[in-house]
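Participant: With the hints as constraints, model all of the structure from the sequences given.
Keeping their order, the protein sequence lines are chains A and H.
Each residue of the first sequence is one higher than the one before, counting from 1 in the working numbering.
Each residue of the second sequence is one higher than the one before, counting from 1 in the working numbering.
It is possible that part of the hints are untrue.
Quick list of in silico lysine to aspartate or glutamate cross-link-like pairs, EDC-like style, CA-CA up to 16 Å [to be verified]:
{"#": "1", "chain 1": "H", "residue 1": "K79", "chain 2": "A", "residue 2": "D123"}
{"#": "2", "chain 1": "H", "residue 1": "K79", "chain 2": "H", "residue 2": "D60"}
{"#": "3", "chain 1": "A", "residue 1": "K91", "chain 2": "A", "residue 2": "D123"}
{"#": "4", "chain 1": "H", "residue 1": "K213", "chain 2": "H", "residue 2": "E230"}
{"#": "5", "chain 1": "H", "residue 1": "K79", "chain 2": "A", "residue 2": "D390"}
Quick caveat, the hints were computed from the structure, so don't treat them as lab data.
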Amino acid sequence: MFGTSLMLAFREIRRHLMRSFLTTLGIIIGVSAVITMVTLGRGVTADIEEQISSLGSNMFFVFPIQGERGQFRPFDERDVDAVREQIAGVKSVAGQVDQNVTAIYNGQDWKTKVEGVSRAFMDARGIKLDQGRLFTDEEESAGANVCIIGPTVVEEMFGAADSPLGERMRLDNVSCQVIGVFASRGNVGGNGDDDNSVFMPLTNVQRRFTGNDNIGYMAVSYDAGYDNKAMIDALVDLLRERRVLLDGQANDFDIVDTAEINETVSNTVGTMTVMVAAIAAISLVVGGVGIMNIMLVSVTERTREIGIRLAIGALASEVRLQFLTEAVVLCCFGGLVGIVLGFVLSASLSAALGFPFVFDPFINVLSFVISALIGIVFGYFPARRASQLDPIEALRHE
Amino acid sequence: MAEPPIIELRGITKTFGEGAAAFQALKGVDLTVERGDFLAVMGPSGSGKSTTMNILGCLDQPSGGVFRFLGHEVQSLSKDQRSLLRRRYLGFVFQGFNLLSRTTAAENVELPLVYRGMGRAERHAAALKALDRVGLLPWANHTPAELSGGQQQRVAIARALVTDPEVLLADEPTGNLDSERSVEIMKFMAELNDQGITVLMVTHEPDMADYAKTVVHFKDGLVERIEQSERLALKQGASA
Ligand SMILES: Nc1ncnc2c1ncn2[C@@H]1O[C@H](COP(=O)(O)OP(=O)(O)O)[C@@H](O)[C@H]1O
Ligand SMILES: [Mg+2]
Numbered sequence: 001m002f003g004t005s006l007m008l009a010f011r012e013i014r015r016h017l018m019r020s021f022l023t024t025l026g027i028i029i030g031v032s033a034v035i036t037m038v039t040l041g042r043g044v045t046a047d048i049e050e051q052i053s054s055l056g057s058n059m060f061f062v063f064p065i066q067g068e069r070g071q072f073r074p075f076d077e078r079d080v081d082a083v084r085e086q087i088a089g090v091k092s093v094a095g096q097v098d099q100n101v102t103a104i105y106n107g108q109d110w111k112t113k114v115e116g117v118s119r120a121f122m123d124a125r126g127i128k129l130d131q132g133r134l135f136t137d138e139e140e141s142a143g144a145n146v147c148i149i150g151p152t153v154v155e156e157m158f159g160a161a162d163s164p165l166g167e168r169m170r171l172d173n174v175s176c177q178v179i180g181v182f183a184s185r186g187n188v189g190g191n192g193d194d195d196n197s198v199f200m201p202l203t204n205v206q207r208r209f210t211g212n213d214n215i216g217y218m219a220v221s222y223d224a225g226y227d228n229k230a231m232i233d234a235l236v237d238l239l240r241e242r243r244v245l246l247d248g249q250a251n252d253f254d255i256v257d258t259a260e261i262n263e264t265v266s267n268t269v270g271t272m273t274v275m276v277a278a279i280a281a282i283s284l285v286v287g288g289v290g291i292m293n294i295m296l297v298s299v300t301e302r303t304r305e306i307g308i309r310l311a312i313g314a315l316a317s318e319v320r321l322q323f324l325t326e327a328v329v330l331c332c333f334g335g336l337v338g339i340v341l342g343f344v345l346s347a348s349l350s351a352a353l354g355f356p357f358v359f360d361p362f363i364n365v366l367s368f369v370i371s372a373l374i375g376i377v378f379g380y381f382p383a384r385r386a387s388q389l390d391p392i393e394a395l396r397h398e
Numbered sequence: 001m002a003e004p005p006i007i008e009l010r011g012i013t014k015t016f017g018e019g020a021a022a023f024q025a026l027k028g029v030d031l032t033v034e035r036g037d038f039l040a041v042m043g044p045s046g047s048g049k050s051t052t053m054n055i056l057g058c059l060d061q062p063s064g065g066v067f068r069f070l071g072h073e074v075q076s077l078s079k080d081q082r083s084l085l086r087r088r089y090l091g092f093v094f095q096g097f098n099l100l101s102r103t104t105a106a107e108n109v110e111l112p113l114v115y116r117g118m119g120r121a122e123r124h125a126a127a128l129k130a131l132d133r134v135g136l137l138p139w140a141n142h143t144p145a146e147l148s149g150g151q152q153q154r155v156a157i158a159r160a161l162v163t164d165p166e167v168l169l170a171d172e173p174t175g176n177l178d179s180e181r182s183v184e185i186m187k188f189m190a191e192l193n194d195q196g197i198t199v200l201m202v203t204h205e206p207d208m209a210d211y212a213k214t215v216v217h218f219k220d221g222l223v224e225r226i227e228q229s230e231r232l233a234l235k236q237g238a239s240a
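Facilitator: Written out as structure tokens, the structure reads:
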């Protein structure tokens, strides 16, 4: 019986192809909107997660900030040592300092920044090499004039043709030899291009560029097993003590936990995705009302047919099944078209906006199931009306 | 024990509407139909013929009285049981043909078999056989709009007989046809009756009633009189 209902439903839909399409437009739009929104949300989340992971995972950044009286006290190497030695769970601590410079090579110059770093820093931040090698221990302690340059610098100053390895370039007045190229680390957002940078050993930058042993921020990486909240508390206590802050005075430094950024951003994007998808889902309900409307019209148009079916012995439940099947088939058809449209829309929008395209099978299956459910819910009332017609009156109709 | 009559009506009443607007269309109809009979139901317009046919067809419920079909009291059956009874035992032919439009003759004839759960191929073969019986095999793939009135009514007859019903109910089957087509239809009805189907037919025209065995006259919601048809009387007169 169900097979027959299915066949009848297909025939009826084929008979009114244009009408069927217009009827399901609401479902099509609803499904494709929900899928597009959720897929884009996933893409944005993946994009941000990737950017955050480029910061390194399981780590804190510790920045000096302005204190209550407007003073700005930078950290130095002794703070780095204290954190390394006194906080349980710390894997490595590395300081970084940077300064804007003009790089000169082969008669051309390029505005970039020099970053004083160590192997430990590159390790903590998860920065990989594309070519060449890292600093050696000797180069780090001696503050040798060697540098590891970013992809943007390579592109701007060396072009694609030759390898920059072994070349000497000048940063302001300091000459250095290129020993490596680091792999693009993506853009963490905010201030400029993170790939437009030249790494030199920290002591060298402090001596030749900044002229003091201050550091800009500390990157503290910790073992994944440690309770990061407890570590932050210990870190705050240590730094307050070292900076002689009295009770009641605010911290003149800030600790940023990458795990927390990650969570906050994912939560925010997740909430927004749900909200936008919910708004899109309203059009699904509107689509359902459209289905109900056209099914009621169809029942009225086909009153005589229903009368004939009832007269020759169709059960009310069989007539109900027939119309319910028709509504469900319509909705499923709309759902399928919506899924295809959603796929195309989200793939092309992801590409256009530069997000990764993250196909989410769950939302596709869910949209399809919900379309079918809408067919059942909104098809039930017209189907019941059809099944409850009085055969004599139905036969007399028209 | 003798076989019960196929249809038995005892004091059937039918009232439409309620209160002041109530109208009693049937006022106590008594009628017994034996298996194999061919009944012509006649009477003035509004005398309750269609109302009686609807009750006999289990499409409508009487307000009072007893309706037994093959010995079973129909009033005590549920709506679904009455549907199943129609499906199993009854065939209908209507004045307005009542075929599904935009659906071929063969598919129209297949329709009752669909509800019997018959397979597609078997169904189609049975439909073609039934169409052949009414001489419309070449028209199997035509829609009602492409057929004449007489042909449409023959499709309807094929649809009614494809299930081998016990009883064929026809409310003015020739009402929309010219006399030549009417005669054709009546010949089919008589033929089906000869093959053992009990036929109940409403008609205005005495010519058509002549094809029946028994003629029932209705008047004002009551059976006025029942008589043998002239054809039967003649036939019996001849053989006596
Ligand atoms: N559904 C109905 N509601 C009210 N009155 C009805 C209904 N059906 C039939 N009647 C009335 O019952 C009477 C008998 O009708 P019907 O059986 O159709 O007569 P006919 O003998 O012409 O077929 C008529 O007066 C008709 O108006
Ligand atoms: Mg009538």
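Participant: If a hint holds in the structure, say so; if it does not, say that too.
Facilitator: Structure-based check of all given hints:
A C-alpha spacing of about 80 Å is found between H:K79 and A:D123, which places the hinted pair above 16 Å, so the restraint is violated. For the suggested pair H:K79 and H:D60, the alpha carbons sit about 10 Å apart, so the restraint of at most 16 Å is met. For the hint linking A:K91 to A:D123, the alpha-carbon distance of about 11 Å falls within 16 Å, and the restraint holds. Taken as a hint, the H:K213 and H:E230 pair is honoured in the structure, with Cα atoms around 8 Å apart against an allowance of 16 Å.
Between H:K79 and A:D390, the direct Cα distance comes to roughly 11 Å. Compliance with the 16 Å bound is thereby established for this hinted pair.
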